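For chain V, the structure is supplied; the task is to place chain P on it using the hints.
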Amino acid sequence: MTTSAEIADAVTRLAREESGRVLALLTRRFGDLDAADDAVQDALTTALTAWQSGIPERPAAWLYTVARNTLIDELRRDRASRRRLHEAAPELTAHHATTETEEEDDLIMDASSLGDERLRLLLLCCHPALDRDTQVALTLRLAGGLSAAEVAAAYLLPEATLTQRIVRAKRKIRDAGMPLTIPANLDERVDALLRVLYLIFNEGYLSRGAEHVTRVDLITEAIRLTRQVVDELPASAEAEGLLALELYHHARSGTRVDGLGELVLLEHQDRTGWNLDGITEANARLHSAMTRMAPGPYQVQAIIAGHHANARTAADTDWGAIAELYGQLGRMAPNAVVELNRAVAIAMADGPRAGLAVLDRLTGLNEYHLFHATRGELLARAGRPAAASFERARGLTSNEGERRHLERRAAETSGG
Amino acid sequence: MILIHGDESSPRLAPGDPGFDEDMGAWFAYNQSLIEGGHWVSGANLAPTSSATTLRLTSGQAPEIVDGPFAETKEQFGGYYLISAENLDEAIELAKKLPMDSGSLEIRPVAFRPDAG
Numbered sequence: 151m152t153t154s155a156e157i158a159d160a161v162t163r164l165a166r167e168e169s170g171r172v173l174a175l176l177t178r179r180f181g182d183l184d185a186a187d188d189a190v191q192d193a194l195t196t197a198l199t200a201w202q203s204g205i206p207e208r209p210a211a212w213l214y215t216v217a218r219n220t221l222i223d224e225l226r227r228d229r230a231s232r233r234r235l236h237e238a239a240p241e242l243t244a245h246h247a248t249t250e251t252e253e254e255d256d257l258i259m260d261a262s263s264l265g266d267e268r269l270r271l272l273l274l275c276c277h278p279a280l281d282r283d284t285q286v287a288l289t290l291r292l293a294g295g296l297s298a299a300e301v302a303a304a305y306l307l308p309e310a311t312l313t314q315r316i317v318r319a320k321r322k323i324r325d326a327g328m329p330l331t332i333p334a335n336l337d338e339r340v341d342a343l344l345r346v347l348y349l350i351f352n353e354g355y356l357s358r359g360a361e362h363v364t365r366v367d368l369i370t371e372a373i374r375l376t377r378q379v380v381d382e383l384p385a386s387a388e389a390e391g392l393l394a395l396e397l398y399h400h401a402r403s404g405t406r407v408d409g410l411g412e413l414v415l416l417e418h419q420d421r422t423g424w425n426l427d428g429i430t431e432a433n434a435r436l437h438s439a440m441t442r443m444a445p446g447p448y449q450v451q452a453i454i455a456g457h458h459a460n461a462r463t464a465a466d467t468d469w470g471a472i473a474e475l476y477g478q479l480g481r482m483a484p485n486a487v488v489e490l491n492r493a494v495a496i497a498m499a500d501g502p503r504a505g506l507a508v509l510d511r512l513t514g515l516n517e518y519h520l521f522h523a524t525r526g527e528l529l530a531r532a533g534r535p536a537a538a539s540f541e542r543a544r545g546l547t548s549n550e551g552e553r554r555h556l557e558r559r560a561a562e563t564s565g566g
Numbered sequence: 037m038i039l040i041h042g043d044e045s046s047p048r049l050a051p052g053d054p055g056f057d058e059d060m061g062a063w064f065a066y067n068q069s070l071i072e073g074g075h076w077v078s079g080a081n082l083a084p085t086s087s088a089t090t091l092r093l094t095s096g097q098a099p100e101i102v103d104g105p106f107a108e109t110k111e112q113f114g115g116y117y118l119i120s121a122e123n124l125d126e127a128i129e130l131a132k133k134l135p136m137d138s139g140s141l142e143i144r145p146v147a148f149r150p151d152a153g
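Residue numbers (my numbering), protein chains in the order written: chain V, 151 to 566; chain P, 37 to 153.
This is chain V alone, in the form it adopts within the complex:
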């Protein structure tokens, strides 16, 4: 006897881990992403009742078979109705004589040979002809196997909005003829894919909303999908660099917020609370990425995160090296936020005044809360009035943990 909680767990796992691959396979076989997606969703719902007598030994094969049979039934019905229409009005259907063969051979679910089915689907979800928000939604929904409700909850969107976005995207994929293939120029597309995964990770890491406890764990999702990409593109140094970066950040995530929900700065975090296994894996991933001698921004960010994660105390942190790495990152792609981080590293290495000098030359970050929070912190450390900067930063963030932290810093530095 299987309990309904066990079944629900198994179905969720199946949706997350296998439904993307099954969907890609069915889409390729039947040429219709929308119908294949519906069939997979139906099959997952069916599993909840069908599995009461026992969870199948190979859930992925079960999912594939059930969804495939649904699609075949639909084709048959479709063909039967076309035949009836043809008999009734041959002149209307002359061009639509059935040509597809009754091909129903069982496709063996050999996980090892189907790896790139999942990659095809991930790349389709991140196709440059779709806008960024749509890429994110599709990746989580189709490749990640999350329900529309879960994706909507994670991004604080009404479910109807999210569903609409996905419906529109699927229509464009069909009408514009976007192929489910691995493109010739893979590097360009992998860049877009990694950017989407990093966006998903960041959304989980610094959620915009207050209720982050009730949200889908986007960090875990992003790491899981990044692992898939690394498995399927073992030659991509940047994919593995991104995985290392995510693992480093994730290893520290338990200590980023205190018991009252306030953000804890890196230097005050309890380092004994960091996940050592996570850091060890991140170190190995980063090392493996760097042996490929193909540097890129994710690897550089991972090296920086590695400096932090491997420093036993905040005082052990090699801020000079980190400032240099931010300089490198800025040379790869000039970016004001990177410059802001470089200013912090310089302040830590050479004192707050050196950091403030870098900040004073920065433009374009006036609406960015971390610019004002950083400025406040450096001003306070330099013994100058800082409360106004903290106030400004607090007004610009919607993250509750950050708001509390900034409120306290503003109070501590006012009228001093």
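No lab work stands behind these hints: they were computed from the structure. Predicted model, so just to flag it, every value in this text is computed and none were measured. Each residue gets a CB set at the ideal place from its N, CA and C atoms; glycine is no exception. Keep in mind that the hints are not guaranteed to be accurate.
[Claimed, not checked] Just some of the chain V residues that point at chain P, by a computed CB distance under 7 Å:
hint: 1; residue: Ala210
hint: 2; residue: Ala326
hint: 3; residue: Met328
hint: 4; residue: Pro333
hint: 5; residue: Asp337
hint: 6; residue: Gly404
Just chain P, lined up with the frame of chain V:
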């Protein structure tokens, strides 16, 4: 269908201008590559929008005839290619090879082709 939009105010070369033959040569070579690759269906360069006449249709009323193009924007519809491509990615690759250095190219599938099965 690849719709070619560009800035009409940028100078156009006329026959006899220096560079005209090279410019046209690049387009002819592109056309030839479409033909040889089996992608060519049709294509044309359009006369400038100063020659355009727009008919605005309102249900139940006679068409209103207006002098000028449909949309007054900086980039105007200036030409098109109707190509045959397997999928969007192939169409994007073909559009990327157009001998243009500025402007925009809109790729739209043809919804109905009388010759399609």
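Here is how each hint holds up against the structure:
1. Ala210: Interface hint status for V:Ala210: violated (28 Å vs cutoff 7 Å).
2. Ala326: 5 Å, holds
3. Met328: 5 Å, holds
4. Pro333: 6 Å, holds
5. Asp337: Violated, because the Cβ-Cβ distance from V:Asp337 to chain P comes to roughly 15 Å (cut-off 7 Å).
6. Gly404: Violated, because the Cβ-Cβ distance from V:Gly404 to chain P comes to roughly 43 Å (cut-off 7 Å).
In summary, the numbered hints that this structure violates are 1, 5, 6.
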